[in-house]
Amino acid sequence: MSEIPETALPRRPKGEPRFPEGPAPDPAGSHFERRIRSFQPRRSRVTPGQADALRRLWGAWGLDIDGQRVLDLDEMFGGLPVVLEIGFGMGEATAQMAADAPSTGILAVDVHTPGQGNLLGLADKAGLTNVRVANGDAIILLREMLTPDALDGVRVYFPDPWPKKRHHKRRLIQPEFLSLAASRMKPGAVLHCATDWEPYAEQMLEVLTAHPDFENTQADGGYAPRPAFRPLTRFEGQGLDKGHVVHDLLFRRAQRS
13 MSEIPETALP
23 RRPKGEPRFP
33 EGPAPDPAGS
43 HFERRIRSFQ
53 PRRSRVTPGQ
63 ADALRRLWGA
73 WGLDIDGQRV
83 LDLDEMFGGL
93 PVVLEIGFGM
103 GEATAQMAAD
113 APSTGILAVD
123 VHTPGQGNLL
133 GLADKAGLTN
143 VRVANGDAII
153 LLREMLTPDA
163 LDGVRVYFPD
173 PWPKKRHHKR
183 RLIQPEFLSL
193 AASRMKPGAV
203 LHCATDWEPY
213 AEQMLEVLTA
223 HPDFENTQAD
233 GGYAPRPAFR
243 PLTRFEGQGL
253 DKGHVVHDLL
263 FRRAQRS
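The sequence shown begins at 13 in the numbering used here and counts up one residue at a time.
What the hints contain is simulated information worked out from the structure, not anything from laboratory work. Hints may contain errors.
Unchecked claim - In silico EDC-like links for lysine to aspartate or glutamate, alpha-carbon gap of 20 Å or less: (1) LYS177 with GLU214; (2) LYS176 with ASP208; (3) LYS177 with GLU210; (4) LYS176 with GLU227; (5) LYS198 with GLU227; (6) LYS181 with GLU218.
For clarity, every value in this text was computed on a predicted model and none was experimentally measured.
Let the sequences and hints guide you as you build the complete structure.
Right, dumping it as structure tokens:
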């Protein structure tokens, strides 16, 4: 089925949000300082199926990152251990990981509306109950809405590499982010990063190795083989066909002294 552009959907009155019961366009509003953001919101097409999933399912399985409340993950996931996934694209890999590990909750964060709708639709079709979709800035989520030791893992797969040198400050994997993430991770929880951008992989390895709150799971101090639980995505496959090298990094939250 060909993708139908959003403009083909019924027109809404001027000023009315695209999805009144769905994700907010700027959930945190002006409540927090405007920091340098590590993501670039993308405006792209929303299919009728994605729009339907957002309208039907957002109220039950979605949440806006407004920074105005602290989440009770035990209540949200029924006591399951919870992994935070930052950036999930169209959600295919997230849905597969959730299906393969139903005893783990996945709190998946992104700002891409089509991807949010697509993941909700995939989860609904597969009958998954261990996925929640969060809309907004993962930094605000970590800093304002999660308690210490709340997370059993963090996943950052193929974040924007910001290849131009003047944009390197926008890269997510920086010492400040690592300190914040570590404060919300249980001792022993694993931060799993993956990238096909070689210079970014090198930076990730450097800053993670230097950070006192993390220790490499690899005895040789290098990159890790792709673990079986991380699916090979279509995007990754296209990169491999072009000769890209994908690096996985698995670093454990160090035990507190």
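Okay, the hints, checked on the actual structure:
no.: 1; hint: LYS177 with GLU214; in the structure: holds, 14 Å
no.: 2; hint: LYS176 with ASP208; in the structure: holds, 16 Å
no.: 3; hint: LYS177 with GLU210; in the structure: holds, 14 Å
no.: 4; hint: LYS176 with GLU227; in the structure: violated, 29 Å
no.: 5; hint: LYS198 with GLU227; in the structure: holds, 14 Å
no.: 6; hint: LYS181 with GLU218; in the structure: holds, 15 Å
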